[in-house]
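Two chains, two frames, some hints: make the complex.
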Amino acid sequence: MTGRLILIAMALACFGFALRRGIPTGQRALRETRDNLIRIMPMMLVAMPMATFLAELVPSDIASGWLGPDSGISGLLVASFAGGLIPGGPYASFPLVLTFLKAGAGPAQMVALITGWAVLAFHRVVMWEVPVLGFRFALVRTLSSIALPLLAGLIAEALLPLFPHLLAGR
Amino acid sequence: MLALARRHSTLLGLSVITVVAAVLVFVLKGQGAVEHAWGASIDLILGILPSMLAGMLMAGSLRQLVPTGALAKWMGAESGWKGLVIASAVGIATPGGPMAAFPMVLVLSGAGADIGCVIAFIVSWGLNGFNRILVWEVPLLGPDFALLRFISGLPMGFIAGWLSRRMPVKWAPPGDLSA
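Chains as they are written, first to last, in our numbering: chain A, 1 to 170; chain B, 1001 to 1179.
With the rest of the complex left out, here is chain B (with noise of 0.2 Å):
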């Protein structure tokens, strides 16, 4: 219910700001300039409508693919540069938003993940999420420059990761008395 509420102030939050654009391209600009913006945009959805479609039903395809959570074993304190490894790949195959994401951290740490490792997932997910990709980046921005983000972005999880192990801060999971 309340992640309904949250979706729909955000397209309300976005029609706003649509709106309010709107009027200030046309006192500012005049008719012709929200013409021509409103030409570019109905180009941009037909342009981008066929690969967002292929996008979502490759990411819908491949959720059924790929198993996450069963890896969490190999995530402890233990397990080194391959666990941060696992830990940003398993983030990369986590599809969905923050509302599936944030729980998740708590299922690998409850399933022996240490801080560094579900880190490392944090940050792949948020920056790497193959859901995102498909459906956002390749379509709205091309596969060129999708391909140069991904690659700038793929040893992030990583390089956290290892920094969280490092930290003075301790962290343990919500709902753990001894912390």
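One chain only, chain A, in its complex shape (with noise of 0.2 Å):
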């Protein structure tokens, strides 16, 4: 897992920027972790095991079908429309897109549907968007980035081949 251990080195690295601007810098880093922690934690404790329970359910031939690496522009279409569906933060979508992973999903799907969770998330426009901004900034922030998760999708399928360990992984 080098992965990890950059991400242990950068954050590390990043606190010790932290600290030179001096110490109540570094402890307002702290406290800042320390309530994120507090705040993910729970969630995450209920969303792993959803993730591996959903996991047993879904029928592996929706992700490797469907969602599968060759499922071309209809399987991003799905996924984007799909990932638009899904409700809820971080802590719900990426499990979900795990298991998608897990079960033999594509990558560039994945995007597309991640992008689709992100930029269309109907959920968040009836909960924040229309009540803070109003009805017309959600109709022109949604015209304006209803082709982007199919986009996306294209872009990643289009870089894929810079991306070994992803193919390797199926």
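Treat the hints as calculated values from the structure; they're not laboratory data. Hints may be right or wrong, so weigh each one.
[As the list claims (entries may be wrong)] Facing chain A, according to a computed beta carbon distance under 8 Å, are these residues of chain B, among others: (1) Leu1044; (2) Gly1060; (3) Gly1153.
Every residue, glycine too, gets a C-beta built ideally from N, C-alpha and C.
What follows is the structure in structure tokens.
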């Protein structure tokens, strides 16, 4: 797991930079880390079993067929729309994506799914965007970004040969 | 208070889904499958915990180092593509959930950012916010996938902002009586 070691090293380096600004800055960084941890840990402890139980229930042909690496444009479209329907924050979507990936879904399709979740986010439009910014904003924003999940999926498809680890994983 | 209620309702919802899924697995596939899934989730939690802690420390530290909001003066209607690039970057640098990001749209537009820039900001925040990438995406899906996803998503804030400047629908921030 070199990726994990790199992340830990980068985290310590960033914390080092914060400390160089002075002890209070370092303390604020630690306090924010702790607050994040308290907020996220309960979600994670529930979301991970959710993902693994759902993984048992998802028929593998949905992941490897409909959303498989060879599902092409239709797979990207299904993934984009399905992504927009996933409610909740990253604690819900990322464990699900992991589940799909393990069941044989294609990386580009999962890029489209995450993009759909992030930019279409039908639940967020209703819960946050319309109440805080108004219907017109939500309309302009949705119209401007409706094609982005497909586009992101196509870019990912084109970039995939540069990521041999992801191809080897299936 | 409302945010607190929302947070707990999410946890409750996740718990309900988890229990229902566990019962379904037991009924459809038997006790062995339940034990297998339970073991897999323990492995998963233990496996990503170190990365997640590192991601949180990194996000918490970066938050002290990166200022946002002061850049709105470069995000006006005349800012062209540079404004969209700056707005996308600010979106990436903005931590926190929707309770922080949507009010930030009001802050930016109040400080002079145009519709293209605030759309670029919000799309870029939703898709590529560094906080979420560090805390969730890298630990769970691995650095390779996270990088592929990040690169594929990088132009999206810019594209959405560019398109929204050409939309026939006009938007003014709530509270602006001239709208």
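Against the structure, the hints:
Among the interface hints, the one on Leu1044 of chain B holds; its C-beta lies about 5 Å from the nearest C-beta in chain A, closer than the 8 Å criterion. The criterion of a C-beta within 8 Å of any C-beta in chain A is met by Gly1060 of chain B, whose closest approach is roughly 4 Å, and the hint holds. Hint status for Gly1153 of chain B: holds, given a least beta-carbon distance of 5 Å to chain A, under 8 Å.
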